[in-house]
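Protein chains in written order, with the working numbering: chain A, 1 to 310; chain B, 311 to 607.
To be clear, the hints were calculated from the coordinates, so they are not data collected in a lab.
Some hints could be false.
To be verified - Stretch-level coverage of chain A by chain B, calculated; a stretch enters the list once three of its residues show a Cβ under 8 Å from a Cβ in chain B:
(1) 159–165
(2) 243–255
(3) 268–274
(4) 281–293
Ideal Cβ placement from N, Cα and C applies to all residues, glycine included.
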Amino acid sequence: MRLASAQEITRDMFEPLQLGAGEGEAITRPPISYWREVVRRFRRNRLAVVGLVILIALLVFAFAGPLFTHWDPREQSLFDTNKPPSGEHWFGTDNLGRDMFARLCYGTKVSLFVGVMAALIDLVVGVIYGGISGYFGGAVDDVMMRVVDILYGIPYIIVAILLLVVIGPGLWSVILAMTITGWVGMARLVRGQVLQLKEQEYVLAARALGASHLGIILRHLIPNAMGVIIVQMTFTIPGAIFGEAFLSFIGLGVPLPLASLGTMANDGYQYLRIYPYQLIIPAIAIIMTMLGFNFVGDGLRDALDPKLRR
Amino acid sequence: MLAALWIIVTATFFLMHSIPGDPFLGDKVTEAIRQNMLRKYGLDKPLWEQYVIYLGNLLRGDFGTSLKMLHRSVNDMIRDGFPVSALLGLEALAYAVTIGLVLGTLAGFRHNTWLDYLAMFVALIGISVPGFIMGGLMQYVIGLKLGWLPIARWEGFRYTIMPAAALGLGTLAVMARMMRTSVLEVTNQDYIKTAKAKGLSQREIVFRHILRNAILPIVTILGPLTAGIVTGSFVIELIFGIPGLGKYYVQSIFNRDYTLILGTTIFYAVLLVFLNFLVDVAYGIVDPRIRLMRSRE
Numbered sequence: 001m002r003l004a005s006a007q008e009i010t011r012d013m014f015e016p017l018q019l020g021a022g023e024g025e026a027i028t029r030p031p032i033s034y035w036r037e038v039v040r041r042f043r044r045n046r047l048a049v050v051g052l053v054i055l056i057a058l059l060v061f062a063f064a065g066p067l068f069t070h071w072d073p074r075e076q077s078l079f080d081t082n083k084p085p086s087g088e089h090w091f092g093t094d095n096l097g098r099d100m101f102a103r104l105c106y107g108t109k110v111s112l113f114v115g116v117m118a119a120l121i122d123l124v125v126g127v128i129y130g131g132i133s134g135y136f137g138g139a140v141d142d143v144m145m146r147v148v149d150i151l152y153g154i155p156y157i158i159v160a161i162l163l164l165v166v167i168g169p170g171l172w173s174v175i176l177a178m179t180i181t182g183w184v185g186m187a188r189l190v191r192g193q194v195l196q197l198k199e200q201e202y203v204l205a206a207r208a209l210g211a212s213h214l215g216i217i218l219r220h221l222i223p224n225a226m227g228v229i230i231v232q233m234t235f236t237i238p239g240a241i242f243g244e245a246f247l248s249f250i251g252l253g254v255p256l257p258l259a260s261l262g263t264m265a266n267d268g269y270q271y272l273r274i275y276p277y278q279l280i281i282p283a284i285a286i287i288m289t290m291l292g293f294n295f296v297g298d299g300l301r302d303a304l305d306p307k308l309r310r
Numbered sequence: 311m312l313a314a315l316w317i318i319v320t321a322t323f324f325l326m327h328s329i330p331g332d333p334f335l336g337d338k339v340t341e342a343i344r345q346n347m348l349r350k351y352g353l354d355k356p357l358w359e360q361y362v363i364y365l366g367n368l369l370r371g372d373f374g375t376s377l378k379m380l381h382r383s384v385n386d387m388i389r390d391g392f393p394v395s396a397l398l399g400l401e402a403l404a405y406a407v408t409i410g411l412v413l414g415t416l417a418g419f420r421h422n423t424w425l426d427y428l429a430m431f432v433a434l435i436g437i438s439v440p441g442f443i444m445g446g447l448m449q450y451v452i453g454l455k456l457g458w459l460p461i462a463r464w465e466g467f468r469y470t471i472m473p474a475a476a477l478g479l480g481t482l483a484v485m486a487r488m489m490r491t492s493v494l495e496v497t498n499q500d501y502i503k504t505a506k507a508k509g510l511s512q513r514e515i516v517f518r519h520i521l522r523n524a525i526l527p528i529v530t531i532l533g534p535l536t537a538g539i540v541t542g543s544f545v546i547e548l549i550f551g552i553p554g555l556g557k558y559y560v561q562s563i564f565n566r567d568y569t570l571i572l573g574t575t576i577f578y579a580v581l582l583v584f585l586n587f588l589v590d591v592a593y594g595i596v597d598p599r600i601r602l603m604r605s606r607e
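So that you can see chain A by itself, here it is in the shape it has in the complex:
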């Protein structure tokens, strides 16, 4: 509401800029690629960065931790059972006298391995299955998705338990049990993406230029669906770690002498009343893993989805 003052602005108050033709249109900032923009948005999200820091700390702990201790995670000592945390044993010892710090490093490594392997297997199977189903469409899609729908209705933990009872516990049996129906989610997701993407003009162009079906799927469709795929993976990893811990708790996790965070929590639970640190220490490790992956997953989902850009 300052109309009066607007009249006080006279022409000579303006100073014309001397610009050559086209100079005003020049792009002054360097162009930002999609992935650079993702990184930028991810770094602006405080929780996501915290999650990333937690994950890096866990990795360092799992792989560099053993360098700082001379204890062997498998070495039992009946003279040193159930020692509380001290300078000698940083996290104490368990009921068989094994050093909890060394064991926790080892268990974290095994748990992360289970999670990452399960996610990778889901990725490969799901992307191939979903890619083919979505790309070819029609009857192929109908049949392939019928199978997926049926598998999707079967509760995965029941299948995992059954499978482990039949083939016996083991590191790879646990991974197999986690993935045997786990890939279905990824396949559905990839199919949905491919169905959308294959109608794009660049796919038509690629086909006109004589690209093979496989080439189009691998070179054009999958890279464009990568964002969604990565987000799904960051949620599969903690899911598999959680599943393994759950199975360990009912005696079907990785067998001795292996240890995972789940088997450690289970061992610790037996002595909860007298030595609570034996449950609390692996529990904190599991919680940190879950938090780290969930923060990073949420952050990535927000960063990768341009629709949410504000």
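Put chain B on the given structure of chain A with help from the hints.
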């Protein structure tokens, strides 16, 4: 739905029977005794015949008998254990749905206030702390150190609070998070503006327009969430010493009691598939658009 059930039954049956050896192998068992035992349980017949008999029994509602515990059938265990498990599950679901929805709704309406942060903090704990660890920690802190609630067993309402809370926590967290996003999304829709413009009271807008629409996505994930509660009960019942079906199931796994595992697995599978089906039906009732789409097909 029937196809999924048939595949589960068939796969379970043949997987269980593919385990080498039979339950009656042992040093003290002579060949004659073994043959008699095999005949008694019908294990001497060819596999496909056993399969047909088993399927027939299933259709009549007979899940088979235990190999380890004499005169104990899977049906007995379901009759004893399932009501307990169902009660525990329903209580957990009740906590999760009411508290989860209220937290999520409040967080959505009071976006970026301390209420929002508090609700999301609770949700974060629920998502990152597995139920069985939460159960153990609750037993230690609330049961042992503070002595507020009994640590284990199943003898009245006070005994149900802790296990149900531990069981429902994960679901509560997912509910709260989804409800919050959903409320935020619906509040920005044009039809809310319309409702405001035509002069509806705040109360009417919230209950008739915002909440009714915001709750739709929640109904779709109710199926997987219920499944999570059912499977979560395996461990929770074990930890809290609750005589439910989940505990029997885990014990039959420990004992390698194959017919029991087979029977309970199938029962659980049927239950979960059925629950999923119910959720589908419920979704059709809640969202008229789905009903319209189906009737047009």
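### Hints violated by the structure (numbers, ascending)
none
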